[in-house]
Amino acid sequence: MASAPWPERVPRLLAPRLPSYPPPPPTVGLPSMEQEEAYLELYLDQCAAQDGLAPPRSPLFSPVVPYDMYILNASNPDTAFNSNPEVKETSGDFSSVDLSFLPDEVTQENKDQPVISKHETEENSESQSPQSRLPSPSEQDVGLGLNSSSLSNSHSQLHPGDTDSVQPSPEKPNSDSLSLASITPMTPMTPISECCGIVPQLQNIVSTVNLACKLDLKKIALHAKNAEYNPKRFAAVIMRIREPRTTALIFSSGKMVCTGAKSEEQSRLAARKYARVVQKLGFPARFLDFKIQNMVGSCDVRFPIRLEGLVLTHQQFSSYEPELFPGLIYRMVKPRIVLLIFVSGKVVLTGAKERSEIYEAFENIYPILKGFKKA
Amino acid sequence: MVVFGTTFFNFDSFIGKTDTIEVIGKSVFPYCYHSILPLLNDSGRYSLGDARRPLHETAVLVEDVVHTQLINLLQQAAEVSQLRGARVITPEDLLFLMRKDKKKLRRLLKYMFIRDYKSKIVKGIDEDDLLEDKLSGSNNANKRQKIAQDFLNSIDQTGELLAMFEDDEIDEVKQERMERAERQTRIMDSAQYAEFCESRQLSFSKKASKFRDWLDCSSMEIKPNVVAMEILAYLAYETVAQLVDLALLVRQDMVTKAGDPFSHAISATFIQYHNSAESTAACGVEAHSDAIQPCHIREAIRRYSHRIGPLSPFT
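Sequences listed follow chains A and E, in order. Under UniProt numbering, the letters of the first sequence match residues 1 to 375, in that order. Under UniProt numbering, the letters of the second sequence match residues 1 to 315, in that order.
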């Protein structure tokens, strides 16, 4: 099982705030549930990890950004992050390995592969060769042998967990964005706020996906590890996985809710893992309509805020009832985000469907908060 | 049909009878000291506009007023429940009792909605909360709002109650409180402000069990349910807030301003309470702090008795 916490891909492209990775915790004890699918997963992980921050550290892992993702995600060309969710589905490697359980998406991707390579050549001059090389090694190594383990080991050095950690360090972003930025055809966003170096960190992502088949919850609960099912209390199986650390509610209709991930890719990956579990139990699970329903971010402006003033001047947007809740609830109209602002300076942003909304909301509120700084 | 809104509260019992107050105060002292009184004393009233160190006597008095008010309210609500043949006092009963006073009712409704909204938001933030909510099964979103809307729908004959839901008028009293708080906080430094904020977060609903005990509804047959308790806690808080508002007004009036043509009349309306040494001492001398004195409270009660309390009945 890929030991590395899942590496983030595209966000780092455009995120000058690229994190400095702490070395990931070596996953010594694999969750037993996942052990069985360990090897298969390894592949998935490698493929996805390939377009991570690898380049500076290991040429082998210069990002193979599955361009098909970007192409497929035409709806949101400007949000780099949004394209990410597609990335996981990925790399044609999927099809080459025995991953027939995801026919729909896979065939789609396969078709797009040739189209993509064109982009590869156009866009990514730098890491061109390594990239084109990349698919082949993994494709050939169907055997999940040593290669995979070595790959995953290198992974563990490269891709520690929280890619969303806010690190406005200029050097890193530049080196990475150099290799990665050229790949994406999107307009780069600047998530770093111009006025301050503070960028909200994502804390929780809630997503839903349709497995598109009726499920026998009892069977799932019996055979799957880390699953709880109490039909009297609630009509869904609650399953948890450790990597990414998430919880899923799986309903008998085939719909699933996945919560707890700290980034879009993690959420998607986790959802896929759950889908795989269900599949392994014999259900014809698919992976349809993955959608991020809510994103929660938080940050700290690092100065105390005089909420009484804020609630008075922004009455139509704010409500502050300290005896009910210690924070001020600010309902921003554009983007439609709810912010919880606390006296200490901590700000929680919720209600976003996209990462950019969180950043934008914070950009909007920061000057206002500065106006009510409690000296 | 029981007539609600008759003078359920006899303020006369407070005027000039400080000994009675003392006795009542002492009997609930054990509760208060640990729950309500600290709420009122050190912080609750401070956050509502009183001075940094409110007077102990004032606290006792206020607490007593609130208690009596709530007991009355509860009794009337129990009567309503009985009429309906219900076994618990529900929020609907309380809403029914308050139907005459639009402003207060609107404030209460707003509070209920904000409570719903806050639970909804906070729930979405933490994944555990989300699970808890799902597990609890019932559709909890906006439950208070639904209760209120359904009930008002059923009793509204002229449409004016339902109109309140759309009513976006500014609540003047709330506005004034906000402005007062803003003025106060502007001049505070960080440490004071932090303390102020903490005190503002106190409420009767935080220590629900203590509040329940203090309310002492064990003697009653019909008890309030959870949402009704929330409302009662809120009404208690509101009563304290109102008392402070009015007492501040009274105090302001007491200060004779130079050039004020009615100054002679104003001081005349202020009845001096000399029934006990304590009250004289408290009123006669401007206290060391500018805390609200019991006499202010009493005067406020005397003047505005029809407006204090959750059931200030007549318009």
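Don't take each hint at face value.
[As the list claims (entries may be wrong)] Distance ranges between label pairs, derived from CB positions:
| id | chain 1 | residue 1 | chain 2 | residue 2 | range |
| --- | --- | --- | --- | --- | --- |
| 1 | E | V88 | A | D216 | 40 to 50 Å |
| 2 | A | L288 | E | R180 | 35 to 45 Å |
| 3 | A | K353 | E | Q75 | 33 to 43 Å |
| 4 | A | L288 | E | K100 | 51 to 61 Å |
| 5 | E | S190 | A | T313 | 29 to 39 Å |
| 6 | A | R242 | E | D150 | 18 to 28 Å |
| 7 | E | K146 | A | D216 | 31 to 41 Å |
| 8 | A | R331 | E | K146 | 14 to 24 Å |
| 9 | A | C196 | E | D216 | 32 to 42 Å |
| 10 | E | V226 | A | R336 | 30 to 40 Å |
What the hints contain is simulated information worked out from the structure, not anything from laboratory work. Backbone N, C-alpha and C fix where the C-beta goes; we use that ideal spot for every residue, glycine too.
Verification of the supplied hints:
1. For the pair V88(E) and D216(A), the beta carbons lie near 41 Å from each other, so the given range of 40 to 50 Å is met.
2. The hinted window of 35 to 45 Å between L288(A) and R180(E) is violated, with their beta carbons roughly 56 Å apart.
3. In this structure, K353(A) and Q75(E) break the distance hint of 33 to 43 Å, their C-beta atoms being roughly 51 Å apart.
4. Remark: the range hint 51 to 61 Å for L288(A) to K100(E) is upheld by a beta-carbon distance near 56 Å.
5. Between S190(E) and T313(A) the CB atoms are about 20 Å apart, so this pair departs from the stated range of 29 to 39 Å.
6. Hint check: R242(A) to D150(E), Cβ distance near 45 Å, so the stated range 18 to 28 Å is violated.
7. For the pair K146(E) and D216(A), the beta carbons lie near 35 Å from each other, so the given range of 31 to 41 Å is met.
8. For the pair R331(A) and K146(E), the beta carbons lie near 21 Å from each other, so the given range of 14 to 24 Å is met.
9. Here the CB-CB span from C196(A) to D216(E) is close to 53 Å, at odds with the stated 32 to 42 Å.
10. For V226(E) and R336(A), the Cβ-Cβ distance of about 32 Å falls inside the hinted range of 30 to 40 Å, so the restraint holds.
Comparing the model with each numbered hint stated earlier shows that hints 2, 3, 5, 6 and 9 do not hold.
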